[in-house]
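Asker: Respectively, the protein sequence lines represent chains D and L. Per the numbering used here: the first sequence = residues 446 to 561. Per the numbering used here: the second sequence = residues 908 to 1023.
Mixed in with the good hints there might be a few duds.
[Stated by the list, open to error] The calculated DSS-like cross-link candidates involving lysine-lysine, where the alpha carbons are at most 25 Å apart (straight line), are:
1. K448/D - K949/L
2. K949/L - K483/D
3. K448/D - K985/L
4. K515/D - K990/L
In short, the hints are calculated from the structure, not lab data.
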Amino acid sequence: AQKVTQAQTEISVVEKEDVTLDCVYETRDTTYYLFWYKQPPSGELVFLIRRNSFDEQNEISGRYSWNFQKSTSSFNFTITASQVVDSAVYFCALSEAGRGTDKLIFGTGTRLQVFP
Amino acid sequence: EPEVTQTPSHQVTQMGQEVILRCVPISNHLYFYWYRQILGQKVEFLVSFYNNEISEKSEIFDDQFSVERPDGSNFTLKIRSTKLEDSAMYFCASSGRGDLSSYEQYFGPGTRLTVT
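For reference, chain D alone in the conformation it holds in the complex (with noise of 0.2 Å):
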């Protein structure tokens, strides 16, 4: 069966520290999506990134990095030097396109907190 675990539930830092957010997902395809998204305060959901199956290269796009490892079935969240404006909840989603379907499968998402 499709799930998506985020074991951290919520994590304080203080700005400039690094955190990582982990996410662990299941599934029986080998075609498969995995994203980020952010849910600041105000509710609304960003996209962050979207990484397939078939591309385990690591992704860094300015603070941002992603770790995506198959053999672990993670796709684990660096922010490095944490700002307060990093402060949001952090849902990581499956989406088992081999399946033929698009549905966004979430976990439970992280709470990250910035203190200045």
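For chain D, the structure is supplied; the task is to place chain L on it using the hints.
Answerer: Same frame as chain D, now just chain L:
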């Protein structure tokens, strides 16, 4: 930058009443979705819509729910007879790609539905 819009931002209704939540997806997108998020919980898929018909729906999307694309721009979610447990944030999303091999779902800001 094109974005998904939703109206109203907040809807309060009495139990048993019908509500219609409205969304305007990104104009050249082909796939449309509704998700919901009960306060403090994860985002859950409700329904996907393509080519003027439902392509997939979840167990949550029972006979009380319906979706429609009444014209070329709006996408609506109707709840026929609201229950207290329908209180949630409802997100509309759209994606543009013609195939599932590369797409991102972009979310609207949400409609907070409160059923009293």
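Asker: Hint compliance check: list the failing hint numbers for this structure, sorted ascending.
Answerer: Violated hints: 3 and 4; rest satisfied.
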